[in-house]
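Whole structure, please, built from the sequences with the hints as guidance.
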Amino acid sequence: MERKPKNIFILGPIAASFIGESIAKHSTNTAIGGHSIFLGQVRADIINEIKVAAIEYTAYEEMALEKMHEIREAIFAKYPLTCIHVYHSLGKIVAGEICLFVFTSSAHRKAAIDACNETVERIKAELPVWGKEIFLDESIQWKTNK
Amino acid sequence: MERKPKNIFILGPIAASFIGESIAKHSTNTAIGGHSIFLGQVRADIINEIKVAAIEYTAYEEMALEKMHEIREAIFAKYPLTCIHVYHSLGKIVAGEICLFVFTSSAHRKAAIDACNETVERIKAELPVWGKEIFLDESIQWKTNK
Amino acid sequence: MKINIIIFGQLSEVLGENLVIDNIADTESLQQALHKKFPELANYKYVIAVNKKQVTVNTVLKEDYTVALLPPFSGG
Amino acid sequence: MKINIIIFGQLSEVLGENLVIDNIADTESLQQALHKKFPELANYKYVIAVNKKQVTVNTVLKEDYTVALLPPFSGG
Numbered sequence: 001m002e003r004k005p006k007n008i009f010i011l012g013p014i015a016a017s018f019i020g021e022s023i024a025k026h027s028t029n030t031a032i033g034g035h036s037i038f039l040g041q042v043r044a045d046i047i048n049e050i051k052v053a054a055i056e057y058t059a060y061e062e063m064a065l066e067k068m069h070e071i072r073e074a075i076f077a078k079y080p081l082t083c084i085h086v087y088h089s090l091g092k093i094v095a096g097e098i099c100l101f102v103f104t105s106s107a108h109r110k111a112a113i114d115a116c117n118e119t120v121e122r123i124k125a126e127l128p129v130w131g132k133e134i135f136l137d138e139s140i141q142w143k144t145n146k
Numbered sequence: 001m002e003r004k005p006k007n008i009f010i011l012g013p014i015a016a017s018f019i020g021e022s023i024a025k026h027s028t029n030t031a032i033g034g035h036s037i038f039l040g041q042v043r044a045d046i047i048n049e050i051k052v053a054a055i056e057y058t059a060y061e062e063m064a065l066e067k068m069h070e071i072r073e074a075i076f077a078k079y080p081l082t083c084i085h086v087y088h089s090l091g092k093i094v095a096g097e098i099c100l101f102v103f104t105s106s107a108h109r110k111a112a113i114d115a116c117n118e119t120v121e122r123i124k125a126e127l128p129v130w131g132k133e134i135f136l137d138e139s140i141q142w143k144t145n146k
Numbered sequence: 001m002k003i004n005i006i007i008f009g010q011l012s013e014v015l016g017e018n019l020v021i022d023n024i025a026d027t028e029s030l031q032q033a034l035h036k037k038f039p040e041l042a043n044y045k046y047v048i049a050v051n052k053k054q055v056t057v058n059t060v061l062k063e064d065y066t067v068a069l070l071p072p073f074s075g076g
Numbered sequence: 001m002k003i004n005i006i007i008f009g010q011l012s013e014v015l016g017e018n019l020v021i022d023n024i025a026d027t028e029s030l031q032q033a034l035h036k037k038f039p040e041l042a043n044y045k046y047v048i049a050v051n052k053k054q055v056t057v058n059t060v061l062k063e064d065y066t067v068a069l070l071p072p073f074s075g076g
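From first to last, the protein sequence lines stand for chains Y, S, E and A. Okay, so the first sequence: first residue is 1 according to the numbering used here, each after it adds one. Okay, so the second sequence: first residue is 1 according to the numbering used here, each after it adds one. Okay, so the third sequence: first residue is 1 according to the numbering used here, each after it adds one. Okay, so the fourth sequence: first residue is 1 according to the numbering used here, each after it adds one.
Any given hint could be a false lead.
Stated by the list, open to error - For lysine-lysine, the following DSS-like pairs were computed, each having C-alpha atoms within a straight-line distance of at most 27 Å:
| hint | chain 1 | residue 1 | chain 2 | residue 2 |
| --- | --- | --- | --- | --- |
| 1 | S | LYS110 | Y | LYS110 |
| 2 | S | LYS51 | S | LYS124 |
| 3 | Y | LYS51 | S | LYS110 |
Calculated from the structure, these hints are not laboratory results.
This is how it looks when you write it as structure tokens:
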């Protein structure tokens, strides 16, 4: 099945209620046995004694959506999944808010878990998205991924 | 820190809204950078051409809570986590409903992900819980874990 | 000496959910007595817990101990 | 021949978010021209995408191609 590129970007934080609703929608698919979810939350890191207040995300959106489509296709080809959902925030996300939501489902847990982990790793390594850490004193620093 | 055994059992299915609310509660802990969640959903398996309508779960509750406490302590000792939450359904859970919710959080994603996976594996292997598959024709079969 | 036995999962369909047995010294004797009384038990896999701890070697039983018969777990 | 350049992340603080450059044959020439105009660029790591595809070898540029300068990704 050919899948069309989907928008993954949400302006602002990802609401916990949105995640709950997304989970609820899967109750009609009774072929699913396990869901794996990863959530990235903005951490109030302390760097040089100053706390991170927020991260402002920007992206090369068109390229990121093409790349995400490619990742999604590769993950579907590799694992027997029923579905993958990915959402990434853009704009200013304050510490404690959720900025990444990756959600995979499959008949048996192993596929969902492995696919979720691999999708998260690929998103961090391959999507043209940048985070600018904004400190409490309004100084800034560009985030670097491990 | 000594932790007391917590009840993990919920009579009936785990509501998606409960999961959303559980996620929302973590926004005040700004030391968290990643959450990993596993959800078990009752699958409408077809066995000998008859569909599973529901699973009825029973447990040796006192022993399961002691064992879960032991697993929780071991996971906390092994991984740098901020928290672990586990909920397991008892009673009749119909296909499509959620019967297991494992939720781990940590500063960096790897600890949360590895801890979540290990907790799920240990729950399936070590908790005295039994699932009885109830088919559409009301016949039954005791579930076996892989 | 009274030993309480609680039975779970598919085994409870064979033995019922509770049994009380007198004059049993240890888990091995208990198993022999149960297998004699319920020959179908030979068809089931199970482990034994004494006072909520799984035991893998023969274990001495004392007044009011609780023994649980646990078929393979299938939670989650 | 007009090439559109879009710049992201920390690099946009050095080069601005958009540039249009004329008469550039390929990505290597483009990089040389940029490094000459913005010597600070030497302090930054980045990769190049041509029409939304990352390129790792020298790539010929044509009218209205879009080149993106991408510092290390830090999404998630």
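Outcome of the hint check:
Between LYS110/S and LYS110/Y the CA atoms are separated by roughly 17 Å; this keeps the pair inside 27 Å, and the hint holds. As the CA atoms of LYS51/S and LYS124/S are separated by approximately 23 Å, the hinted pair is consistent with the 27 Å bound. Annotation: proposed proximity of LYS51/Y to LYS110/S holds, straight-line Cα distance about 23 Å (limit 27 Å).
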